[in-house]
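Colleague: Residue strings, one per chain:
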Amino acid sequence: MMQAMSETTGTPSTLAGNGAAPAEDQITIAGRSMRSRLLLGTGGFPSLELLSAAITAAGSELVTVALRRIDPGARGSLVDVCSQAGVELLPNTAGCYTARDAVLTAKLAREAFETNWVKLEVIGDEDTLLPDAPELLRAAEELVDEGFVVLPYTSDDPVLARRLQDVGCAAVMPLGSPIGSGMGIRNPYNIALIREAVEVPVVLDAGVGTASDAALAMELGCDAVMAASAIARAQDPVRMARAMRAAVQAGRLARGAGRIPRRLYATASTPDEGLPDFGPS
Amino acid sequence: MILLNGESFAVQPGETLAAVLERLGVSPHARGVAVAVDGEVVPRACWELFALAEDARVEVLTAMQGG
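Taken in sequence, the protein lines are chains A and B. Note that my numbering has the first sequence beginning at 1, numbered continuously upward. Note that my numbering has the second sequence beginning at 1, numbered continuously upward.
Just so you know, the hints here were simulated from the structure itself, not pulled from any lab data. Check before you lean on any hint, since a few could be wrong.
[Unchecked claim] Pairwise CB distance ranges, derived in the manner of DEER restraints:
(1) 31/A / 10/B: 14 to 24 Å
(2) 114/A / 53/B: 41 to 51 Å
(3) 26/A / 55/B: 50 to 60 Å
(4) 39/B / 48/A: 24 to 34 Å
(5) 114/A / 19/B: 20 to 30 Å
(6) 83/A / 5/B: 22 to 32 Å
(7) 6/B / 253/A: 42 to 52 Å
(8) 5/B / 50/A: 19 to 29 Å
[Unchecked claim] Anything over 10 Å on all C-beta distances counts as not near chain B; from chain A, calculated:
(9) 69
(10) 112
(11) 181
(12) 190
(13) 200
(14) 234
(15) 235
[Unchecked claim] Just a sample of chain B residues kept apart from chain A, beta carbon distances all over 10 Å, derived:
(16) 5
(17) 8
(18) 10
(19) 11
(20) 32
(21) 43
(22) 59
(23) 62
(24) 63
Quick reminder that beta carbons are idealized off the backbone N, C-alpha and C, glycines included.
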């Protein structure tokens with residue numbers, strides 16, 4: 001019994017292993033297969049050293065970067081850090097409010113980073129940073145036509161997700177709640193509906209606050225989770241990166257394992273057969 | 001004068017984009033840099049020959065941390 005206990009509590013490596021999922025469980029987006037189902041945003045890390053350590057701890061293979069005006073005084077080595085970590089860059093169009101700006105930003109990112117992948121963000125409101133659906137769809141269509149691999153940051157709307165798939169997006173990235181809010185998945189039913197509505201990979205993006213949010217996303221059927229602020233702004237980003245990695249793996253396993261249905265009343269897990277009769281009390 | 005990343009910047013008549021970038025310390029082989037002039041991407045291969053017109057709006061961009 002003690003032996004069994006120690007086996008089940010085990011070491012963290014029992015769950016995480018070396019981060020490698022079985023080859024058959026890789027996620028494939030637009031023909032690129034990855035073992036890690038945790039995408040990492042690079043924003044918000046206090047230093048590049050911490051970012052680098054978090055990338056390693058998260059085990060991510062794809063990280064997002066933004067495009068901003070160059071600062072001749074402090075020309076970043078962000079690209080170098082990412083390339084030394086062996087991760088692929090996923091440029092985003094953060095800060096764009098129109099399809100026109102997002103398309104231009106994507107083209108500039110393709111020029112700068114030599115990748116035709118783009119995390120498409122077209123924002124409609126600076127307070128909520130929620131997507132502007134018509135502009136998003138327009139930009140997605142145009143970028144797909146231009147040969148981009150488009151991963152749109154989208155609302156938790158199954159109909160919009162399907163429309164994005166229909167114009168050729170390689171994945172959809174629905175939000176759990178507003179960017180950086182840490183509010184988790186406010187409408188899990190919609191995320192589950194999106195999983196049913198599209199065939200392309202679903203990457204839960206935005207709103208993740210802690211590891212259980214990432215696990216829930218995977219349990220709902222998401223193929224991957226993107227985390228940025230939740231890791232970068234945690235008190236210990238590297239430890240949170242490790243937690244997210246374990247949570248994504250745990251959620252994925254639980255999804256595959258098939259959870260029991262929820263019931264209002266108890267169902268005894270111990271059989272009644274053989275119950276002793278101790279006589280009247 | 002041109003508008004370089006939102007600020008006025010003096011250029012010589014006919015000065016090329018590559019020359020201006022060099023003054024910024026950006027080499028033609030710099031990784032992770034892209035340029036737009038008047039809202040259009042100027043591919044790296046064109047920097048050397050691209051002459052900047054008066055009042056050109058030039059954006060020189062690079063990777064920054066972001067989700």
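Colleague: For each hint, tell me whether it holds in the structure or not.
Modeller: Going through the hints against the structure:
1. 31/A / 10/B: 14 to 24 Å: violated, 48 Å
2. 114/A / 53/B: 41 to 51 Å: For residue 114/A and residue 53/B the Cβ distance comes to about 28 Å; the hint is violated.
3. 26/A / 55/B: 50 to 60 Å: holds, 51 Å
4. 39/B / 48/A: 24 to 34 Å: Since residue 39/B and residue 48/A have Cβ atoms about 31 Å apart, the given range 24 to 34 Å holds.
5. 114/A / 19/B: 20 to 30 Å: holds, 24 Å
6. 83/A / 5/B: 22 to 32 Å: holds, 25 Å
7. 6/B / 253/A: 42 to 52 Å: For residue 6/B and residue 253/A the Cβ distance comes to about 50 Å; the hint holds.
8. 5/B / 50/A: 19 to 29 Å: holds, 28 Å
9. 69: violated, 4 Å
10. 112: At about 4 Å from chain B, residue 112/A fails to clear the 10 Å cut-off, so the statement is violated.
11. 181: holds, 12 Å
12. 190: Fine: 21 Å to the nearest Cβ keeps residue 190/A off the interface.
13. 200: The claim stands: residue 200/A keeps its Cβ more than 10 Å from every Cβ of chain B (closest is about 21 Å).
14. 234: holds, 14 Å
15. 235: Holds, because the least Cβ-Cβ distance between residue 235/A and chain B comes to about 18 Å, which exceeds 10 Å.
16. 5: Since the minimum Cβ distance to chain A is about 4 Å, residue 5/B lies within 10 Å and the statement is violated.
17. 8: At about 15 Å from chain A, residue 8/B clears the 10 Å cut-off, so the statement holds.
18. 10: holds, 16 Å
19. 11: Label holds. Min Cβ-Cβ 16 Å, cutoff 10 Å.
20. 32: Label violated. Min Cβ-Cβ 4 Å, cutoff 10 Å.
21. 43: Given a closest Cβ separation of 6 Å, the condition is violated.
22. 59: violated, 7 Å
23. 62: violated, 4 Å
24. 63: With a cut-off of 10 Å, residue 63/B comes too close to chain A, as the shortest Cβ separation is near 5 Å.
Violated hints, listed in ascending order, are 1, 2, 9, 10, 16, 20, 21, 22, 23 and 24; each of the other numbered hints is respected by the structure.
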